[in-house]
Amino acid sequence: MKRSTYKTVFAAVVLLFVFSGRAFADGSAVVSVQPTSSTISSGGTATVDVEISGVSDLYAFQFDVLFGAANVSATSEIEGSLLSSGGTTFFIPGTIDNVGGSVTATADTLIGSVSGVDGSGTLAVLTFTGLTPGTTSIDLANVFLLDSSFNSIDFTTQDASVTVKSSVITTPEPSGLLLLGIGLIGLVGLARRGVAAI
Amino acid sequence: MRKKFRSSFIGTLSALLLFLGCVSLVNAQQVIITSPANGSTYSPGATINVTASVTGPVLGVKVGAEDMGMSAYQFTAPYSLSLTVPSGVVGPRNLIAVGLIANETAVFSPPVSVDIEPSTPPTAINFQQSLVAFGYVGQQQKVGVTATFAHGSTLDVTTSTLISFISADPAKVSVDATGLMTSLAPGNTTIKVTWGNLTSTLRTMGPSGVKGDLDGDGIVTVQDLLLLEAMVGDTPTGPDDARDINRDGKINNLDVEALLTLCGKNCPSLTATTTSLASSAAQVQYTHPFTLTSKVSGNGSQPPTGDVSFVVDGQLDDIGILSSTDQTSVVSNSLSIGSHTISALYGGNLNNAPSSSEPVAVTVVSVPGDVNGDGVVNCLDLDLVKAAFGTKTGQPGFNPNADVNHDGVVNVLDLAFVASQLPAATTCP
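Protein chains in written order, with the working numbering: chain A, 1 to 198; chain B, 1001 to 1429.
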């Protein structure tokens, strides 16, 4: 590859990096479920965080969480640490519906005429219990973010998934092991006989 | 010793109060007209000699009557005063004497009624109108009667006690002793005035009975439209008031819209308009002003002009005149505590059709964010928002007071607003 070609590719990469960086800097906050994927056994528990990054002047928020009720059930929800870092808060845990698969109308607000919080952190923490094996998405819906002037804050969301695995461990049967051992011994014997013939 | 002094003191005080009471009674000023007697008759141009009797000290006395002015003050008793009856005055008048007690302080006598009537009977009487047309049921109009005398002079005798009025059909038009007529039902009739053997008849017309025909000409035209627009906001005189076209007990722009429908081709083709209404606040503190702004948009070449009625809870509250930017604003601070529904009604004009806005809800609270109305914003208010959180209008648990911004759902917007009204660092369990 010629040097000029390298230069062109390098410039393109730099431009792409610069523009993607600018786009990120000017973009909205990101509300996500973390970790983006997790695995639990049936009957086990998984803790997922609803997190936010890149937010400015966050005064209050509201969201719903939707999940597959066949795979997991929600057991609790507590306030995250981000908003309370800006002052006293009033947290409303969401309403859990393990039939329809939702935790609706979770809300939290700062109290008093104070500025909102900046940066990244956890909005709320939810705990799920694994049920039937399989994979379910953990989706965010009806998200509202308000700044201290009660204006909406732009955002994007990132959902997550939880995989439930069976709690029963599969082990090979003894008869199978016996057949396998005999087979191996036979192969070793054949190999030795061949070497001796040579 | 002390007991004797106390009884002496009380006795002296009682005597002093008795004396002051007597003095005040003696000094209470009263003025009474002793002449002429009640019901005396005079003729236009005559002089009325008035004698007044005064009790208590006064600085001066004068006498006067409606349409006759006042005499000059007389400063010494006996108080004999005179008034000249102007030549055009006819009918009962009340004489009143005034006693001047101090600068800008006076006492008035009971009235004495005198009757001013022509000295000679007229040779003819005539209504001053040839025809009275009623536009709507409940409309009132006053007649005038002129008397002609032998030497050719005339006099307005409408208020004379010597004439009487009678309606040929009191069910359609009533008339009282002063000549005030009231339209009671559609149809034509006559009013007769009598002075002795002299009579005159006045023809009354309408209302026509044609719905929307407010000027009584038998058809609904743009004239009726303009007439009604000028009377938007009036209170109907009764259930049959023709101006209340939709019979909702109000005369408003909804009637204008109804009349336009009745008018049909007789009214000019109107451009459809849309009226919007916005409040400067969905929740306001009691007695604090807020602004209602209405904008009227039309698609025609002629801009919407005229006025916009602001109706609060079904009652006309204020009227704004559209500006050159087709909008008008009114400021209100008089709404009672509670939720109110406000709408704006544009009455239209010769080019633009009436229209009304979507209703806007405004809640007047003692304190913004005071959901439970106890006068303060505290954790109890947040608890009420929490209890209704996530509910929508009509759903179980919905609390309209918790829906602070009146968007029909209790959500984080309401929660954050109420929370912001609490002192910073407040901890709510």
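These are calculated hints, taken from the structure and not from any lab test.
Predicted, not measured: the structure shown is a model, and the values here were computed from it.
Ideal placement from N, C-alpha and C gives every residue a C-beta, glycine not left out.
Hints are supplied without guarantee of correctness; some may be wrong.
Chain A stretches covered by chain B per the calculated footprint, using a threshold of three residues with CB under 8 Å from any CB of chain B [stated by the list, open to error]:
1. 35–47
2. 66–75
3. 83–96
4. 128–141
Okay, the calculated beta carbon distance ranges per label pair [to be verified]:
5. A:T75 x B:T1291: 19 to 29 Å
6. B:G1264 x A:V99: 25 to 35 Å
7. B:T1261 x A:V30: 27 to 37 Å
A short list of chain A residues far from chain B (calculated; beta carbon distances all over 10 Å) [what the hints assert, rightly or not]:
8. I78
9. V99
10. T104
11. T122
Here is how each hint holds up against the structure:
1. 35–47: violated (count 0)
2. 66–75: violated (count 0)
3. 83–96: Three-residue rule met by the segment 83–96 of chain A, so holds; n is 5.
4. 128–141: violated (count 0)
5. A:T75 x B:T1291: 19 to 29 Å: Violated, since T75 of chain A and T1291 of chain B (Cβ atoms, about 50 Å apart) do not stay within the stated range.
6. B:G1264 x A:V99: 25 to 35 Å: With a Cβ separation near 59 Å, G1264 of chain B and V99 of chain A fall outside 25 to 35 Å, so the hint is violated.
7. B:T1261 x A:V30: 27 to 37 Å: violated (56 Å)
8. I78: Holds, since 15 Å exceeds 10 Å.
9. V99: Non-interface label stands for V99 of chain A: nearest chain B Cβ at 17 Å, farther than 10 Å.
10. T104: violated (6 Å)
11. T122: The claim holds: T122 of chain A sits with its nearest Cβ about 18 Å from chain B, beyond 10 Å.
Violated hints for the displayed structure, listed by number in ascending order: 1, 2, 4, 5, 6, 7, 10.
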